[in-house]
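A.B. asks: So you can see what is in the structure, the chains are spelled out below.
2 protein chains.
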Amino acid sequence: MERFLSADARVMRSSLIRQLTGLVNRPDVTSFAAGSPNAETFPHEQFTQIYSDLVARDKGKIFQYSVTRGNPELIEAVRDRGQRVKNIVASQEETILASGSQQGMELVSRVLLDPGDAVFVELPNFIGATATFENLRARVVGVRKTESGMDLDDLRAKVRQVRSEGAKPKLIYAIPNFQNPSGHTWSAENRSGLLEVANQEDLLVFEDDAYGELYFSGVAPNDLAPMKPDDGDGRVIHMSTFSKILAPGLRVAWIFGPQEIVRRIELAKETADLCTSTLGQLLILEFLNRGWMEPHVERVRGFYDAKSAAMDRALRNSFTGVARWRKPDGGLFQWVELLGDIDTLKFLHEIIDEHKIAFIPGSPFFVDGSGENTLRLSFSNVSDEKIDAGVGKLGELIRARS
Amino acid sequence: MERFLSADARVMRSSLIRQLTGLVNRPDVTSFAAGSPNAETFPHEQFTQIYSDLVARDKGKIFQYSVTRGNPELIEAVRDRGQRVKNIVASQEETILASGSQQGMELVSRVLLDPGDAVFVELPNFIGATATFENLRARVVGVRKTESGMDLDDLRAKVRQVRSEGAKPKLIYAIPNFQNPSGHTWSAENRSGLLEVANQEDLLVFEDDAYGELYFSGVAPNDLAPMKPDDGDGRVIHMSTFSKILAPGLRVAWIFGPQEIVRRIELAKETADLCTSTLGQLLILEFLNRGWMEPHVERVRGFYDAKSAAMDRALRNSFTGVARWRKPDGGLFQWVELLGDIDTLKFLHEIIDEHKIAFIPGSPFFVDGSGENTLRLSFSNVSDEKIDAGVGKLGELIRARS
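So the sequences go chain by chain: R and L.
Going left to right, the first sequence walks through residues 1 to 402 as the numbering used here numbers them.
Going left to right, the second sequence walks through residues 1 to 402 as the numbering used here numbers them.
Be a bit skeptical, because a hint or two may be false.
Treat identical chains as interchangeable: a pair holds within one or across any two.
Claimed, not checked - Taking lysine-lysine pairs in the BS3-like style, the calculated list, with each CA pair at most 30 Å apart, reads:
#1 Lys61 <-> Lys346
#2 Lys356 <-> Lys61
#3 Lys346 <-> Lys386
#4 Lys59 <-> Lys356
#5 Lys386 <-> Lys61
#6 Lys386 <-> Lys356
#7 Lys356 <-> Lys158
#8 Lys168 <-> Lys356
#9 Lys61 <-> Lys327
#10 Lys386 <-> Lys59
#11 Lys61 <-> Lys158
#12 Lys393 <-> Lys61
#13 Lys356 <-> Lys393
#14 Lys158 <-> Lys59
#15 Lys168 <-> Lys386
Please keep in mind that the hints were generated in silico from the structure rather than gathered at the bench.
Model, not experiment: these values are computed from the prediction.
Using the sequences and the hints given, assemble the complete structure.
C.D. replies: Here it is, written out as structure tokens:
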């Protein structure tokens, strides 16, 4: 069969995190690995009400095909909310829906990247993004980051290096708010600095804001201002999703971007999946129309805020002196850097069978292979009691090795 | 922006049929253009019952992410039904679900086709397939067909021609049952003959069976036997979908194929959309588990059988002497070849404003640009009365030009 495969297919690999799935998702394991939102936050009662009303009104039509760019009313609602909640003004022509932000990622990448083109990502970076770029045989270049964003000097140097090697630097990919995996949030200065580099070096910026609405108490949403509104030059593609704030299984995300690029994304989506699930779009549209979204997101914020606080307490109790961490200001992830010389991937394999605790080792997130002493703890799907016990035990095991 | 686009994006075009959408879908028009199944056939009452039971049992979990390859129980149910209904034996490793067959088409194409690789398609061919191959810059080669299948001599000649030009012949794509757009069904002889050519010429076969279950009275399903069971050599990728027999808006299709290829499809799907809509998969799984599928499909067959008969009656009344057609034995489409020298694309533009009747001109389905005197009439979404009046008027207008 090998002889029939495309060049893309020959390089496709399952990520290390994927390979760990079977190991870390065993039911007897306290898992800080799963990056999914907590199903308790999904408003199933409200969806049920909407479902009944929809089917009474439209009968079978809610199961029919819909248009490629997305339900036109949902596009309007998303544009309206984008302006209200994130201060992004995008025209109809600059807006498209996708079947989840993973599809958005692939569509954006397909219309922009040829094999060998360079994409600049943070160290560490979201695995789903890295895999998307690699599946298209793009060159994924890691850029150092601090807690307040991408190291712009390192970015400049890397761009120039790529260019000097004859490759084409094209895209900067970043999750500026509560990044997966680091939990870090970019400073306003870093955001505008990035746009400056993009302008100077003639690059596009792909701003993935999957987590920006999940800010915790104490954060002024103004700090989370997306890059899009400052984007006089039309260089930013902004993506966000209903997956974390509402429900991922409905598979609906949205993209605001330059009209010319959005038009190509639509053409790519035509053959990628023709249209996004109609039922999913309609459930979300009605949820927005009924004014249920903002109070709902407020509850979701509170839910994760409490979880994050529980985890921070547990870390302070048991990780003090053996690790460095910073409680995130939002999102689903706690990033931890161990002070001792511990390879967290090996460590995971050593402890999981006996102690039934799982996390994601940090190194797969680093495209340059670094980060061996880091790990990601997701707090979204673990009860406060298990956070306490699991993190406690983990701290003990780390301390024994430090 | 142009300078940022990938080579794929630069060739992406909206198909002529897409461009006609606005024109032919006006509410005041009797449209034989829409290829979608009729929403009246979607079992919304049964889905509502299932939805209530699911949410009572699993609450928010029905809105959570699911696994990339597809819900494991639905995969089992699809394998079981594939064996029962189509006599296809496929292992778990040879089975994957996709977010609709359009996604299946793109995933299969992405793992197999490099730019310039040749795909052999029928003349005429399904537009969604042609667009998918073209978006990946494959070379799409049209092969003559008869009412009983692909002309295998022409196929052999085209394969050798492609090879002599230094390109790589890779894939034969076909819809052997009630093809979109021609409505034709391949003979058993043609099916086995195609496999022979594939073996001799070392090609893969992509069998798209979107319509095979929608056979009308008088057809023995044995005639519709898929190529997969005869596929000793592992050359056939078989795809089918719940879109026509159940509901397209749920976006669920399935693929049976060689294990090595299915594994790559799964890797490609990981970055294409991570997972198919969970709710859609669960609605279908329960529908199957409750034994509702076979009686439902039986009703759907009857529905389209009656529509097709109504169209055939109308054609006999008004197209006799000016056109050639054959009532299809299943599916959603009536294909018509005009005897006179009429360009159906021009004809459509001439009549639509005044007479408010629409159809799809045949030429966009022909990758070699032929077929100017053909058209596709879809009977799925038009009432019997409007079929009668619309086809009658159309016949009158054609007669005036013949």
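A.B. asks: Give a verdict on every hint.
C.D. replies: Now for the hints, and whether the structure bears them out:
no.: 1; hint: Lys61 <-> Lys346; verdict: neither (52 Å within a copy, 32 Å between copies)
no.: 2; hint: Lys356 <-> Lys61; verdict: between (47 Å within a copy, 24 Å between copies)
no.: 3; hint: Lys346 <-> Lys386; verdict: within (23 Å within a copy, 70 Å between copies)
no.: 4; hint: Lys59 <-> Lys356; verdict: between (48 Å within a copy, 27 Å between copies)
no.: 5; hint: Lys386 <-> Lys61; verdict: between (45 Å within a copy, 20 Å between copies)
no.: 6; hint: Lys386 <-> Lys356; verdict: within (11 Å within a copy, 66 Å between copies)
no.: 7; hint: Lys356 <-> Lys158; verdict: neither (41 Å within a copy, 60 Å between copies)
no.: 8; hint: Lys168 <-> Lys356; verdict: neither (46 Å within a copy, 51 Å between copies)
no.: 9; hint: Lys61 <-> Lys327; verdict: between (46 Å within a copy, 28 Å between copies)
no.: 10; hint: Lys386 <-> Lys59; verdict: between (44 Å within a copy, 22 Å between copies)
no.: 11; hint: Lys61 <-> Lys158; verdict: neither (51 Å within a copy, 43 Å between copies)
no.: 12; hint: Lys393 <-> Lys61; verdict: between (53 Å within a copy, 29 Å between copies)
no.: 13; hint: Lys356 <-> Lys393; verdict: within (10 Å within a copy, 73 Å between copies)
no.: 14; hint: Lys158 <-> Lys59; verdict: neither (55 Å within a copy, 48 Å between copies)
no.: 15; hint: Lys168 <-> Lys386; verdict: neither (48 Å within a copy, 57 Å between copies)
The structure does not agree with the numbered hints 1, 7, 8, 11, 14, 15 stated previously, though it agrees with the rest.
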